[in-house]
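Q: Single-letter residue listing:
2 protein chains.
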Amino acid sequence: LAPIISHSIASNSRVKKVQRDDETRKMIHCIKVGISLVLVSLLYLLNPLFEQVGENAMWAIMTVVVMFEFSAGATLGKGFNRGLGTIIGGGLGCLAAVFAQSIGIGKVGNSIIVGASVFIFGSFATYLRLLPRIKKRYDYGVMIFLLTFNLIVVSGVRANVEVLDLARQRLLNIVMGFIVCVCVSLFVFPLWASDELHHSIVSRFHDLANIIQGCLGECTKIVSEKENQLCANFNVCKSVLNSKSKDESLVNFAKWEPWHGKFGYSYPWGRYLKIGEVLRELAAFILAVGRCLETSKEPMASLRESQLETCEAIKSKVACILRELGESMKQMRKCDAKAIILAQLKSAREDLNLIISTSKKVELEDSQVLAMASMVFLLKE
Amino acid sequence: LAPIISHSIASNSRVKKVQRDDETRKMIHCIKVGISLVLVSLLYLLNPLFEQVGENAMWAIMTVVVMFEFSAGATLGKGFNRGLGTIIGGGLGCLAAVFAQSIGIGKVGNSIIVGASVFIFGSFATYLRLLPRIKKRYDYGVMIFLLTFNLIVVSGVRANVEVLDLARQRLLNIVMGFIVCVCVSLFVFPLWASDELHHSIVSRFHDLANIIQGCLGECTKIVSEKENQLCANFNVCKSVLNSKSKDESLVNFAKWEPWHGKFGYSYPWGRYLKIGEVLRELAAFILAVGRCLETSKEPMASLRESQLETCEAIKSKVACILRELGESMKQMRKCDAKAIILAQLKSAREDLNLIISTSKKVELEDSQVLAMASMVFLLKE
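Line by line, the protein sequences give chains A and B.
Adding 124 to a residue's 1-based position in the first sequence gives its number in the working numbering.
Adding 124 to a residue's 1-based position in the second sequence gives its number in the working numbering.
Isolated chain A, as found in the complex (with noise of 0.2 Å):
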């Protein structure tokens, strides 16, 4: 038992040393997120600079409020999908601004165009966001797109030769409002998205290797002991198991975010999201075998002595494997005790089919050995 209970109790430190670190991390967000606001008041509140752009300062904080996001990523992105937002649909709304003025036959005809076209391009965006794919990436793009369109076709109507201007205006203050948030987000202390993924990964593997040896090892203990535990472990699989849009929107972001760290350029974020699948499944698992275990209490006490002892042996290299994996991911190494691992798999497949007929625990070693196998196919990076 000692093992077990040293490993709870490393476990309960690393969760609240993650807290903390959460905490920290939240609260410089909050400040850098002050620093930008001011730093982008600054374009109003000095004269000089106020002089040079004038009420259009309004677009840059404007910018800076919708963009600034958590990680270093998800804020190089959104700005990455305003800009090219802005900019098209600066470009088009310009076009069809001043085509209604040439073509239209007098004010009516003008206005009539102005309208036809705001509702074919408002339709057709539309369209493009409800689209996966669009969805995914450039939801944001999209939606500035249409706005920056309808607002410059629209304004067209009566600012007359001032479009062009005004567009100019409105684009470089957005560059300014992106410039700000781009340095504060990068420079003062950057919080990057792909550290998070990486984090959240590897303490995954530790999360369920801790499951592992702690639940499914309760089957000896008294039952209402067991109750607790059992629904705390639940938990923990659960929210494995609904990891994955999370883990979308950060390989998603991590994709965005430049060289830094130990992450290198084209660096293989989509391995992550394998990763993730093939953990979820074991999670899936684990949470049935759980559940049976919950439900059925008397198959357990029929196996004999030597029958839990392999059992409890076999259960215990697997949480062992999973920790090295964990660990070999977290500091980035080839995992080169994959051998050792393959080999390892392959003697607790053989004592398993000793007590094959018996156990349940069978089904539960043997989807391992496939989900292992598929993972360290997956780190053999």
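Honestly, the hints are just simulated from the structure, not real lab data.
Honestly, I wouldn't trust all of these hints.
As the list makes no split between identical chains, a pair holds if one copy fits it or if it spans any two.
What the hints assert, rightly or not - The calculated lysine to any residue pairs, modelled on SDA-like cross-linking and capped at a C-alpha distance of 25 Å, are:
no., residue 1, residue 2
1, K141, Y251
2, K141, K259
3, K260, V375
4, K150, L255
Using the hints provided, position chain B relative to the given structure of chain A.
A: For chain B alone, kept in the frame of chain A given last:
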């Protein structure tokens, strides 16, 4: 085999119908966005209206672009957030601006106070946005609060007394945009998030029933044929597993929607989350058992004919129960078959006890009994 085939044909045509409906709804949404944009552009295009609102009509257009979401609930929620954020942000912004003007020792002191308030409110609002409870429902509102506050307080430095007037006009325009959005969203072919949620949960019952009947019955089939089938089934399982965040946002939107169709006020949307949770666990279970079937082919062969038959019977019984539950949910009648279902589950369990020590199905059904029990419990609304 006949019922299985007929079921799979039925489910195929169901899938096609769902896809067609989806396309139609997307089209409707796109056209609705186009209509609202044209309506709100009239503020600019028609002379009498433009004389009333002036350049501030820009804010109405922005509101429509940003606020119009796919479902009525999402639109209402966003609009509410935007309205509340604007009012609170505008109010506090005016206060801060007036405070800075009355206290500030000349221009410099004024600017310093404004800068400090921008920093403090910026950091504080950002902190609020990171809290999970706020993030879930009021993220957008807090962002709009911050935006409005900054714009108002900063332009207060320049515009002297006009701040209040500026705030009032912008608010008026946002309200106009809001009214256009809400009218088009609610009265022109409304798309309800509650309907979508309801249908997605019902169809998940049927999907899981099909998988249980289809995939887990494949154990007697040829291996190559089995592979494809299993793959497809795993994908369905995984999509059920990954449905949590979608469910949560739909429930969130559904809460905003007014009384309509069969859903009354204070409809228990939280129950949908619980049912979704149970279905996810069932999917995790099916996934786990499916993987086991995939890896270990021999144990199945060792089952005697009679046992296979029992398994088959239990399987179709469980699938039948699932369909029954889905159907009763679709028609929103109290699951009056509750007693019958419980009896069926009991008999299934007894059948299982007969073959308990040899078959793997044991676990599957055991946990399903559990899942069913909790589901029935949930359905007695």
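Q: It remains to establish, for every hint, whether it holds in the given structure.
A: So, going through the hints one by one against the coordinates:
1. Taking the shortest alpha-carbon separations for K141 and Y251, only the inter-copy value of 20 Å comes in at or below 25 Å, while the best intra-copy value is 45 Å.
2. When the C-alpha separation of K141 and K259 is checked against a cutoff of 25 Å, the pair qualifies only between copies, where the shortest distance is 23 Å, while the shortest distance within a copy is 35 Å.
3. In this assembly of identical chains, K260 and V375 lie within 25 Å of each other by CA distance both inside one copy and across copies; the values are 11 Å within and 21 Å between.
4. Taking CA atoms no more than 25 Å apart as the test, K150 paired with L255 passes between copies only; the shortest distance there is 10 Å, against 33 Å inside one copy.
Checked against the numbered hints given earlier, the structure satisfies every one of them.
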